[in-house]
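S.K.: Given next are the chains, with one letter for each unit.
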Amino acid sequence: MGPGVRDYWLSKLFFDLQNPAAAAEYRSDPEKVLGRYPITEEVRQKLRSNDVPFLAGRTNPYLLRYFFFAAGMKDEEFIRRLRNG
Amino acid sequence: MASLVGVYAASHGPLLVREWAAVPEDQKERLTAGFRELGRRLAEARPDVLIEISPDHWVNFFLDNLPAVCIGVGEAHDGPPEPFLKEFPHRELNGHPEFAQHLARTALDAGFEPALSHRLKLDHGFCIPLWRMQLERLPRIVPMVVNSIEPPLPSIARCLAWGTLVRQAIQSYKEPLRVALLATGGLSHSIGEPTMGAIDEPFDRDCIRLFGSPAGKLVDYLHDNLPKTGNGAEEIRNWIVAHGAAGGRGFELIDYLPVPAVIVGCALAAWRL
Numbered sequence: 130m131g132p133g134v135r136d137y138w139l140s141k142l143f144f145d146l147q148n149p150a151a152a153a154e155y156r157s158d159p160e161k162v163l164g165r166y167p168i169t170e171e172v173r174q175k176l177r178s179n180d181v182p183f184l185a186g187r188t189n190p191y192l193l194r195y196f197f198f199a200a201g202m203k204d205e206e207f208i209r210r211l212r213n214g
Numbered sequence: 003m004a005s006l007v008g009v010y011a012a013s014h015g016p017l018l019v020r021e022w023a024a025v026p027e028d029q030k031e032r033l034t035a036g037f038r039e040l041g042r043r044l045a046e047a048r049p050d051v052l053i054e055i056s057p058d059h060w061v062n063f064f065l066d067n068l069p070a071v072c073i074g075v076g077e078a079h080d081g082p083p084e085p086f087l088k089e090f091p092h093r094e095l096n097g098h099p100e101f102a103q104h105l106a107r108t109a110l111d112a113g114f115e116p117a118l119s120h121r122l123k124l125d126h127g128f129c130i131p132l133w134r135m136q137l138e139r140l141p142r143i144v145p146m147v148v149n150s151i152e153p154p155l156p157s158i159a160r161c162l163a164w165g166t167l168v169r170q171a172i173q174s175y176k177e178p179l180r181v182a183l184l185a186t187g188g189l190s191h192s193i194g195e196p197t198m199g200a201i202d203e204p205f206d207r208d209c210i211r212l213f214g215s216p217a218g219k220l221v222d223y224l225h226d227n228l229p230k231t232g233n234g235a236e237e238i239r240n241w242i243v244a245h246g247a248a249g250g251r252g253f254e255l256i257d258y259l260p261v262p263a264v265i266v267g268c269a270l271a272a273w274r275l
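Protein chains in written order, with our numbering: chain A, 130 to 214; chain B, 3 to 275.
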């Protein structure tokens, strides 16, 4: 995706998971939550494998950070993956 | 006629609350003292209304509806929705619809087109500085959201013009209202990008120095240098609005300290009026 282009539904998932109850549901059953969003299979795979740089190219950086925080990833690990994949 | 009684700015990083325990003791003391000093000055100015300028951190707005500038014109606004701010003492903050509508009208008459909201959720950007300033009594809040989170962002020159417009709106308001302004956010930080955690102290110190120069120099510097530093520094737009509102006479720096534990170059300032 080019600069400024956003994956709307991926971003919407990240936005919605700011709600603590939604984040808890995602941590316990991510597939159930993902099923509610028309996100492509390629992007689902990248979510499952925590491919931070790939996802970073498709959403807002603040939403990206919120998502991995909500998903339970420590900041140190998030930053390492942002830099190194 | 209303009067401008104070113009201030303060950083607002969420880790100032969420990771407070991790901040070294000497930095805790300086931050606490800085926020208290800002609170003391604000209380001494006795504002009836506080125009507060902050971005919206994906609380009110999303990609389906994303204003560059939004003025809160409602009678009340909601306190912060973030779970880590559940101890913030206000679940509802009073607004000032009459002044806010006057600000909006003044903007529209001058060719500016802000979005309006009759009920905003005031996230950490608005509430952490208010909390840390330890105010006994909150003035009525007129929130002004300036987008510095999701590009494209309003230009620095436009933000300066917004400041001038806010000043005009205060001067043209007929009632004897005491109005203060608090810009929040910045200085340098980086969120959700490979440089996350980095604090750009040379950038911060250049900005602090340039707030004492003619505004054109500051605008040019930011135009050239904002793209080279972390995305969180884009929040300096709020400081630019404050600078324009204060008449561009520069500020007194209350404190500046890079705080790695909260990943922000933390600054607090009070403008000369």
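Treat the hints with caution; some may be incorrect.
To be verified - To list a few chain A residues with every Cβ distance to chain B over 10 Å, as calculated:
| # | residue |
| --- | --- |
| 1 | MET130 |
| 2 | SER157 |
| 3 | PRO159 |
| 4 | GLY164 |
| 5 | GLU170 |
| 6 | PHE183 |
| 7 | LEU192 |
| 8 | GLY201 |
Claimed, not checked - From the structure, some residues in chain A lie toward chain B, with a derived Cβ separation under 8 Å:
| # | residue |
| --- | --- |
| 9 | GLY133 |
| 10 | TRP138 |
| 11 | SER140 |
| 12 | PRO149 |
| 13 | TYR166 |
| 14 | THR169 |
| 15 | VAL172 |
| 16 | ARG173 |
| 17 | ARG187 |
| 18 | PRO190 |
| 19 | TYR191 |
| 20 | LEU193 |
| 21 | ILE208 |
Since the hints were made in silico from the structure, they are not lab data. Backbone N, C-alpha and C fix where the C-beta goes; we use that ideal spot for every residue, glycine too.
S.K.: Next, verify each hint and record whether it holds.
M.R.: Checked hints:
no.	hint	in the structure
1	MET130	holds, 13 Å
2	SER157	holds, 17 Å
3	PRO159	holds, 20 Å
4	GLY164	holds, 21 Å
5	GLU170	holds, 22 Å
6	PHE183	holds, 13 Å
7	LEU192	violated, 6 Å
8	GLY201	holds, 14 Å
9	GLY133	holds, 6 Å
10	TRP138	violated, 10 Å
11	SER140	holds, 6 Å
12	PRO149	holds, 5 Å
13	TYR166	violated, 14 Å
14	THR169	violated, 17 Å
15	VAL172	violated, 16 Å
16	ARG173	violated, 20 Å
17	ARG187	violated, 12 Å
18	PRO190	holds, 3 Å
19	TYR191	holds, 5 Å
20	LEU193	holds, 4 Å
21	ILE208	holds, 5 Å
When held up to the earlier numbered hints, the structure conflicts with 7, 10, 13, 14, 15, 16 and 17 and fits the remainder.
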